[in-house]
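Asker: Given only the sequences and the hints, what does the whole structure look like? Please build it.
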Amino acid sequence: MATVRRMKLGSQGLEVSAQGLGCMGMSALYGPPKPEPDMIALIRHAINSGITFLDTSDIYGPHTNEILLGKAFKGGFRERAELATKFGIGIVDGKYGYHGDPHLPRFQPGNLEHNQKLFECVNEIAANKGCTPSQLALAWVHHQGDDVCPIPGTTKIANLNENIEALSVKITPEEMAELEAIASADNVKGDRYPSSSGTYKSSTYKTADTPPLSSWNPS
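The C-terminal position of the sequence shown is numbered 219 in our numbering, with every residue numbered one higher than the one before it.
You may find that some hints are simply not true.
Straight-line C-alpha distance at most 20 Å; calculated SDA-like pairs for lysine to any residue [to be verified]:
id: 1; residue 1: 8; residue 2: 49
id: 2; residue 1: 170; residue 2: 147
id: 3; residue 1: 156; residue 2: 8
id: 4; residue 1: 86; residue 2: 177
id: 5; residue 1: 86; residue 2: 64
id: 6; residue 1: 86; residue 2: 161
id: 7; residue 1: 34; residue 2: 177
id: 8; residue 1: 117; residue 2: 177
Everything labelled a hint here was simulated from the structure, so no lab data went into it. This one's a predicted model, so the numbers in the text were calculated from it and none came from an experiment.
Answerer: This is the structure:
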């Protein structure tokens with residue numbers, strides 16, 4: 001398995017794993033909540049594998065995801081983990097829609113066929129590199145800079161292990177340019193969410209207790 005390096009976030013010395021684990025799907029939104037013992041085993045496996053930066057939120061469940069992590073952290077795991085959550089922004093997640101939802105614009109007739117061709121281009125690049133398309137996507141994020149940390153979510157240990165291997169995928173500048181051309185905003189058809197969506201598209205910044213920028217001191 002690839003080694004999970006450590007990285008610095010921001011200017012205050014916070015150190016996290018170079019890749020995180022999104023925990024939302026364990027408790028909400030992607031089908032019914034998953035079996036608690038399995039999710040506790042997954043979280044602990046992630047930490048033991050070097051994935052220590054975990055994303056949760058009180059909106060996941062609501063609240064049940066935070067309770068799940070609390071149970072998983074017993075026995076000394078809390079001291080080995082770093083927690084991330086939303087801070088005055090909308091829901092941001094790193095999961096792929098493996099099964100097309102016809103209510104999402106990118107999966108609607110016309111858009112789906114066009115976007116499928118883009119995926120086939122990405123799939124070809126991944127096959128040539130000996131990795132999966134999801135590993136290639138994560139590797140692309142890693143190549144955005146040494147201070148960029150993707151937080152993909154999963155509910156399966158096998159998928160977590162696959163995601164970790166993305167850390168060993170190397171992308172050349174030419175491949176980066178090709179990938180960015182394929183997935184450019186002008187090339188992909190359809191918005192990510194319907195204009196009427198209130199579940200994913202709503203932002204929390206309107207009601208968040210975010211301090212005014214002038215009062216925040218990063219030093």
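Asker: Does the structure keep residue 86 and residue 64 at a Cα separation of 20 Å or less?
Answerer: Distance of about 16 Å is within 20 Å: holds.
Asker: For the pair supplied as a hint, residue 86 and residue 161, confirm whether the alpha-carbon distance does not exceed 20 Å.
Answerer: Since the Cα atoms of residue 86 and residue 161 sit roughly 25 Å apart, the hinted pair is violated (cutoff 20 Å).
Asker: Going straight from one Cα to the other, do residue 34 and residue 177 come out at no more than 20 Å?
Answerer: The given pair, whose Cα atoms are some 38 Å apart, is violated under the 20 Å limit.
Asker: With the threshold set at 20 Å, check whether the alpha-carbon distance from residue 86 to residue 177 stays at or below it.
Answerer: 31 Å, violated
Asker: Does the structure keep residue 8 and residue 49 at a Cα separation of 20 Å or less?
Answerer: Distance of about 19 Å is within 20 Å: holds.
Asker: Can the restraint linking residue 117 and residue 177 be considered satisfied, given a maximum Cα separation of 20 Å?
Answerer: It holds: about 18 Å lies between the C-alpha atoms, which stays within 20 Å.
Asker: Are the Cα positions of residue 156 and residue 8 separated by 20 Å at most?
Answerer: With a Cα-Cα distance of about 27 Å, the restraint between residue 156 and residue 8 is violated, given a limit of 20 Å.
Asker: Would the pair residue 170 and residue 147 pass a check requiring their Cα atoms to be no farther apart than 20 Å?
Answerer: Holds. Residue 170 to residue 147 sits at ~17 Å (cutoff 20 Å).
Checked against the numbered hints listed earlier, the structure breaks hints 3, 4, 6 and 7; every other hint is satisfied.
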